[in-house]
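Asks: What follows is the residue order along each chain.
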Amino acid sequence: MEGFYKFLENNSIFIVMIIVLIVWIGIFAYLFNLDKRLKGIEKEIEKEVEEDKNEE
Amino acid sequence: MAWKIFLFILLTFVLIAGISFPIVENPKVWYQFPLIPGLKENAKIIFFHVPSAWLAVIGFLMSTIYSIKYLRKKNLDDDAKSYSAAQLGLIFCILATITGAVWAKFAWGSFWSWDPRQTSIFALLLIYGAWFALRSSIESEDKRATLSAVYSIIAFVTVPFFVFIMPRIMDGLHPGSADDKVTPGGGPIVDFRMNDSMLVIFFLSLIGFTILYYWMWKIGYKSLLYKEKLNKKLIRG
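Sequence order for the protein chains is A and B. Under this note's numbering, the first residue of the first sequence carries the number 87, and numbering increases by one thereafter. Under this note's numbering, the first residue of the second sequence carries the number 265, and numbering increases by one thereafter.
Just chain A, same shape as in the assembly (with noise of 0.2 Å):
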């Protein structure tokens, strides 16, 4: 770990690196909750179209 800090502190442009990284880990989080929330719809449609089928 010293080592590791050692090198971020005389290399710095892997510190401005790593802030990138964490901006794009909160937008992929972002799309991760998107996706989970349209998986929810994408299932109940298929649960209706399923439901309405059987009524036929």
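Think of the hints as simulated: they come from the structure by calculation, not from any bench. Be aware that a few hints might be false.
Taking lysine-lysine pairs in the DSS-like style, the calculated list, with each CA pair at most 25 Å apart, reads [claimed, not checked]: (1) 133(A) x 497(B); (2) 125(A) x 268(B); (3) 122(A) x 486(B); (4) 139(A) x 496(B); (5) 369(B) x 491(B); (6) 133(A) x 491(B); (7) 333(B) x 125(A); (8) 369(B) x 486(B); (9) 491(B) x 139(A); (10) 133(A) x 493(B); (11) 133(A) x 486(B); (12) 133(A) x 496(B); (13) 407(B) x 268(B); (14) 133(A) x 122(A); (15) 304(B) x 122(A); (16) 337(B) x 129(A); (17) 496(B) x 122(A); (18) 92(A) x 491(B); (19) 122(A) x 268(B); (20) 407(B) x 92(A); (21) 337(B) x 407(B); (22) 304(B) x 125(A); (23) 493(B) x 129(A); (24) 122(A) x 337(B); (25) 493(B) x 125(A); (26) 497(B) x 139(A); (27) 491(B) x 304(B); (28) 337(B) x 125(A); (29) 491(B) x 129(A); (30) 486(B) x 129(A); (31) 139(A) x 493(B); (32) 125(A) x 369(B); (33) 407(B) x 486(B); (34) 482(B) x 129(A); (35) 482(B) x 122(A); (36) 496(B) x 129(A); (37) 333(B) x 122(A); (38) 125(A) x 496(B).
Got chain A sorted already, so can you dock chain B onto it with the hints?
Replies: Then chain B, alone, in the frame of chain A:
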């Protein structure tokens, strides 16, 4: 569609320029950034950390605007828009906090030092964290929308104070504090010692992130609206 391609090109350029353009003592060519004493390459955090904080403010502002709209027209669609905006606001607020803390480890010596800027963003996180707790604790749709709209408006009153005023009138470590030597008396971060090309890329980054935010917000509230519509249809049908 065209604006999405534009956004992709813009953000790609900002990423490449923001990371790879060299920092030199006396910039002579347009793609060189000036050296800021004591900061070295990590001065480039400004292209990614400041837009995150900016989006947090935009998110909270839009959440408040749609809260006011909801209270006036009682349309639940506005509540979904407000919720989606605040969700993004909170995500980018957290990102600004974490990226700031990582940077602070190398610029100030520790991840967290209760600098006025860090204290104020922590208070903001608590305020908006409570907003989400409030929302999830109410079952009735209309009641939840009304209460969270009122809370959102009151919460936003603190945002200009916490983001634009308090960290600038107090002494601190964050650039733009009252005792900052680069911006005497405290001032916006833009007064930071940047040259023209650094300023242009900084503003391009702000514009790019704002468009990205708009896109994320649009997809977010649309998914909420469809979920609501479907739920209502299922209950009625």
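Asks: Does each hint fit the structure? Answer for all of them.
Replies: Hints and how they fare:
A distance of roughly 13 Å separates the Cα atoms of residue 133(A) and residue 497(B); the hinted pair therefore holds under the 25 Å criterion. Between residue 125(A) and residue 268(B) the alpha-carbon distance is near 24 Å, which keeps this suggested pair within the 25 Å criterion. Annotation: proposed proximity of residue 122(A) to residue 486(B) holds, straight-line Cα distance about 14 Å (limit 25 Å). A C-alpha spacing of about 20 Å is found between residue 139(A) and residue 496(B), which places the hinted pair at or below 25 Å, so the restraint holds.
Restraint check for residue 369(B) and residue 491(B): not satisfied, since their Cα atoms lie roughly 42 Å apart, outside the 25 Å limit. Taking the CA atoms of residue 133(A) and residue 491(B), the gap is about 14 Å. The hint holds against a cut of 25 Å. Using a Cα cut-off of 25 Å, the hinted pair residue 333(B) and residue 125(A) is violated, with the two alpha carbons roughly 29 Å apart. Between residue 369(B) and residue 486(B), the direct Cα distance comes to roughly 39 Å. Violation of the 25 Å bound is thereby established for this hinted pair.
With a CA separation close to 22 Å, the supplied pair residue 491(B) and residue 139(A) stays within the 25 Å bound. Restraint check: the Cα-Cα separation between residue 133(A) and residue 493(B) comes to about 15 Å, which is no more than 25 Å; the hinted pair holds. Between residue 133(A) and residue 486(B) the CA atoms are separated by roughly 21 Å; this keeps the pair inside 25 Å, and the hint holds. Annotation: proposed proximity of residue 133(A) to residue 496(B) holds, straight-line Cα distance about 15 Å (limit 25 Å).
Annotation: proposed proximity of residue 407(B) to residue 268(B) is violated, straight-line Cα distance about 37 Å (limit 25 Å). This hinted pair checks out: residue 133(A) and residue 122(A) have alpha carbons roughly 17 Å apart, not beyond 25 Å. In summary, the hint linking residue 304(B) to residue 122(A) is not supported, as the alpha carbons are separated by about 41 Å, beyond the 25 Å threshold. Taking the CA atoms of residue 337(B) and residue 129(A), the gap is about 32 Å. The hint is violated against a cut of 25 Å.
Taking the CA atoms of residue 496(B) and residue 122(A), the gap is about 19 Å. The hint holds against a cut of 25 Å. A distance of roughly 49 Å separates the Cα atoms of residue 92(A) and residue 491(B); the hinted pair therefore is violated under the 25 Å criterion. Between residue 122(A) and residue 268(B) the CA atoms are separated by roughly 23 Å; this keeps the pair inside 25 Å, and the hint holds. With a C-alpha separation of about 54 Å, the suggested pair residue 407(B) and residue 92(A) falls outside the 25 Å cut-off, and the hint is violated.
With a C-alpha separation of about 14 Å, the suggested pairing of residue 337(B) with residue 407(B) holds against the 25 Å cut-off. For a cut-off of 25 Å, the pair hint linking residue 304(B) to residue 125(A) is broken: about 45 Å separates their Cα positions. The suggested pairing of residue 493(B) with residue 129(A) holds, with an alpha-carbon distance near 14 Å, which does not exceed 25 Å. Using a Cα cut-off of 25 Å, the hinted pair residue 122(A) and residue 337(B) is violated, with the two alpha carbons roughly 30 Å apart.
The suggested pairing of residue 493(B) with residue 125(A) holds, with an alpha-carbon distance near 15 Å, which does not exceed 25 Å. Taking the CA atoms of residue 497(B) and residue 139(A), the gap is near 17 Å; set against the 25 Å cutoff, the hint holds. At most 25 Å may separate the alpha-carbon atoms for a hinted pair to count; residue 491(B) and residue 304(B) exceed this at roughly 48 Å. At roughly 31 Å between alpha-carbon atoms, residue 337(B) and residue 125(A) are farther apart than 25 Å, so this suggested pair is violated.
In summary, the hint linking residue 491(B) to residue 129(A) is supported, as the alpha carbons are separated by about 11 Å, within the 25 Å threshold. With a C-alpha separation of about 17 Å, the suggested pair residue 486(B) and residue 129(A) falls inside the 25 Å cut-off, and the hint holds. A C-alpha spacing of about 21 Å is found between residue 139(A) and residue 493(B), which places the hinted pair at or below 25 Å, so the restraint holds. Distance check on the hinted pair: residue 125(A) and residue 369(B) sit about 40 Å apart at the alpha-carbon level, beyond 25 Å; violated.
Proposed proximity of residue 407(B) and residue 486(B) is supported: the alpha carbons are some 21 Å apart, at most 25 Å. Taking the CA atoms of residue 482(B) and residue 129(A), the gap is near 22 Å; set against the 25 Å cutoff, the hint holds. This hinted pair checks out: residue 482(B) and residue 122(A) have alpha carbons roughly 16 Å apart, not beyond 25 Å. The hinted pair formed by residue 496(B) and residue 129(A) meets the criterion: a straight-line CA distance of about 15 Å does not exceed 25 Å.
Among the hinted pairs, residue 333(B) with residue 122(A) is inconsistent with the structure: their alpha-carbon atoms are about 28 Å apart, more than 25 Å. Restraint check: the Cα-Cα separation between residue 125(A) and residue 496(B) comes to about 18 Å, which is no more than 25 Å; the hinted pair holds.
When each numbered hint is compared with the structure, violations occur for hints 5, 7, 8, 13, 15, 16, 18, 20, 22, 24, 27, 28, 32 and 37.
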